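J.: The listed protein sequences correspond, in order, to chains A and B. Quick note: the first sequence uses our numbering, first residue 1, plus one each step. Quick note: the second sequence uses our numbering, first residue 1001, plus one each step.
I should point out that these hints are in silico values taken from the structure, not numbers from a laboratory. This structure is a prediction, so every number in the text was calculated from the model and none was measured. Ideal Cβ placement from N, Cα and C applies to all residues, glycine included. One thing to keep in mind: the hints can contain errors.
To be verified - FRET-style restraints, in silico, Cβ to Cβ:
no. : chain 1 : residue 1 : chain 2 : residue 2 : range
1   : B       : Leu1026   : A       : Asp120    : 27 to 33 Å
2   : B       : Gly1101   : A       : Lys85     : 53 to 59 Å
3   : B       : Asp1119   : A       : Trp383    : 52 to 58 Å
4   : B       : Pro1088   : A       : Val446    : 51 to 57 Å
5   : A       : Leu425    : B       : Pro1088   : 33 to 39 Å
6   : A       : Gln422    : B       : Pro1088   : 26 to 32 Å
7   : A       : Ile176    : B       : Ala1027   : 29 to 35 Å
8   : B       : Phe1030   : A       : Pro326    : 22 to 28 Å
9   : A       : Asp38     : B       : Phe1022   : 45 to 51 Å
10  : A       : Gly224    : B       : Thr1029   : 40 to 46 Å
11  : A       : Leu106    : B       : Gln1116   : 41 to 47 Å
12  : A       : Trp383    : B       : Leu1045   : 48 to 54 Å
13  : A       : Lys85     : B       : Ala1009   : 38 to 44 Å
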Amino acid sequence: MKYTSQAVAKPYFIGAMGLFVAQVLFGLIMGLQYVIGDFLFPHIPFNVARMVHTNALIVWLLMGFMGSAYYLVPEEAETELHSPKLALILFWVFLIAAALTVIGYLAVPYATLARITGNDLLPTMGREFLEQPTITKIGIVIVALGFLYNLSMTFLKGRKTAINTVLMIGLWGLAIFFLFSFYNPHNLVKDKFYWWWVVHLWVEGVWELILGAILAFVLIKVTGVDREVIEKWLYVIITLALVSGMVGTGHHYFWIGAPEFWQWWGSVFSALEPVPFFAMTLFAFNMVNRRRREHPNRAATLWALGTGVMAFLGAGVWGFLHTLAPVNFYTHGTQITAAHGHMAFYGAYVMVVITMISYSMPLMRGRAANSNKAQVVEMWAFWLMTVAMVFITLFLTAAGILQVWLQRVSDTPLGFMATQDQISLFYWMREVAGVVFLIGVVTYLVSFFIKGEERAA
Amino acid sequence: MSSTFTTSAARNIFYGGAVFSFLLFLALTFRTEQVLPQRDQRAQLDNPQVVAGKRIWENNNCIGCHTLLGEGAYFAPELGNVYKRRGPDFIKAWIKGQPTGVPGRRQMPQFNLTEQELDDMVAFLKYASEINTAKWPPNIEG
Ligand code: HEM
Ligand code: HEM
Ligand SMILES: [Fe+2]
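In isolation and in its complexed conformation, chain A is listed as follows (with noise of 0.2 Å):
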């Protein structure tokens, strides 16, 4: 750690694994409800258990890249951060909002929750992912523009590379397409048509810019490679992003009421999302290989490579897998994406944001690397989250195939209910891959806990 600054970023890890927790819990909760229907009912319903399943992990994403970027910005800039009080002030801010709404998730009937909190008055609630009261968004819009003027005080008077710009535009473009959660028009085809504006424009776009930057840093870090080829590999990948995900928002507008030339704009344009994660891949390799230096953390290079292979499965080939107009009509809104949606999720940026963290916190705790000791378990930690992962989605992609079949294709198609019923099996396998992926994550919170001989920063 070059700037003591930079240590705000430690609270903002702490409170995202704590959420990452909770959303695994409330994921084994709610796998447990797709095979015992009736399990917790009433007292959390499925979509309850949902709502904190999803808006938790997009919570500790959020704090997981500003931890990163509250890292990642003075030591590119070469400065100190221009403010670490707000830093830390808005971190308070940030999970006591957060677990106030997740308080009100569980407390409360969804439809009381609405009232109290005013929605009538600017209805933004009740749209998947956006399931926050209005007031939790505009709370978040404070906390973004607060980060966002942090950092780019830091950002303008500092060395500006280009890590640094690529991660200042992505997270100015976070925070901007966020604004389109706050129209809800009542026309339901407009509704869903910039509903995508938040989330595929995020996860397929600017997003894919702060993995980029993320990326890059922590490879500059443990390969010692040149900063001048990491940062041309970094602008091709994120240029091959918006090119293709832009446009390719289109795949998900073949059957939500959009005009029919999404079916082509969509497909072909989405297509091509895979290059970029497989270029991504390349790159972590790449330079894994031409490595000039043996850095001590191990377990942060093994995250690193990890996230380019499982980042391009889940995102480009389970991505892939169903983006064609043609296939996509039949299995929309299926387990398959279902599939798609964890995979993706897990190896783009649950993964990007536990590299930093891996490469972050032993240098925040005054050390080069964790203790070999240590590391060794969060190496465990890596692969049963993985393999886990793995495993959940291809349960889920052999559910999603038999649904597909039973419920569409078929000339005598099965009712919703029945077809899941004919699939449940996969829904247990699901859930015991899930148990795995859970004793993971506690493996690898253990591993912060152990000691053993470590090197001076």
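With chain A fixed as given, assemble chain B with the ligands onto it according to the hints.
T.: Here is chain B with the ligands on its own, set in the frame of chain A:
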């Protein structure tokens, strides 16, 4: 990468590509807005029941279990075409009769909607079922 391909060239390609893609996306969006009136059944929005029904849909987070035009959660049946699959009377009776309480079966909560709210919800689901979705879903089961 070769040394003739400089970082500043890469950067310029990035800015150019990003701006071009964004403009292309905006142009397609503009065209979409022009075509939408023929497909999105917007005339039905003059009916206040449809608008109220959408709000009830949102305020009860139906999307947290169901899909609507294929988007949402995958725990419970598609509702974009439920009006055609089941008809208005079934939908109202169904919502009023929840939860089924069948042991081990997936449950839908009781939302305590008034008769007026049930009619609004039906109007909204009717509207949704008439949007031109390019013949999706493949069959009535959704
Ligand atoms: C890291 C990047 C990505 C993430 C995190 C991600 C995540 C997701 C999620 C969560 C959904 C479900 C949205 C919903 O609930 O309605 C989804 C849908 C979809 N994704 Fe991705 N995705 C990524 C990249 C890609 C790529 C590169 C492709 C194409 C090659 C792709 C193709 C699709 C398609 C076609 C759907 C719609 C599925 C349907 O019709 O139900 N995704 N994605
Ligand atoms: C412990 C294992 C996990 C289990 C059992 C689990 C289970 C589930 C279930 C049942 C759903 C709802 C599907 C539906 O709508 O019907 C869901 C949604 C989702 N989960 Fe998980 N989950 C787990 C871990 C994770 C992890 C680690 C991530 C992040 C990488 C994640 C990301 C998501 C996302 C993005 C959605 C929304 C998907 C969509 O709309 O397509 N889950 N999860
Ligand atoms: Fe997408």
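J.: Now tell me, hint by hint, if it's right for this structure.
T.: Taking the hints in turn, this is what the structure says about them:
Taking 27 to 33 Å as the suggested C-beta distance range, the pair Leu1026/B and Asp120/A conforms, at roughly 32 Å. At about 54 Å, the beta-carbon gap between Gly1101/B and Lys85/A stays in the expected band of 53 to 59 Å. Look at Asp1119/B against Trp383/A: about 55 Å separates their beta carbons, and that is inside 52 to 58 Å. Between Pro1088/B and Val446/A the Cβ separation comes to about 56 Å, which falls inside the hinted range of 51 to 57 Å.
For Leu425/A and Pro1088/B, the hinted distance range of 33 to 39 Å is satisfied, since their beta carbons lie about 37 Å from each other. The hint said 26 to 32 Å for the Cβ distance between Gln422/A and Pro1088/B, and at roughly 30 Å that hint holds. A beta carbon spacing of about 19 Å between Ile176/A and Ala1027/B contradicts the range 29 to 35 Å that was offered as a hint. Range check, Phe1030/B to Pro326/A: about 27 Å between beta-carbon atoms, so the 22 to 28 Å window is met.
In this structure, Asp38/A and Phe1022/B meet the distance hint of 45 to 51 Å, their C-beta atoms being roughly 48 Å apart. The given range of 40 to 46 Å is respected by Gly224/A and Thr1029/B, whose C-beta atoms sit roughly 44 Å from each other. For Leu106/A paired with Gln1116/B, a C-beta distance near 29 Å fails the hint of 41 to 47 Å. Separation of Trp383/A from Leu1045/B is about 53 Å and conforms to the stated range, judged on CB atoms against 48 to 54 Å.
Our hint of 38 to 44 Å for Lys85/A and Ala1009/B holds, since their Cβ atoms are close to 41 Å apart.
Comparing the model with each numbered hint stated earlier shows that hints 7, 11 do not hold.
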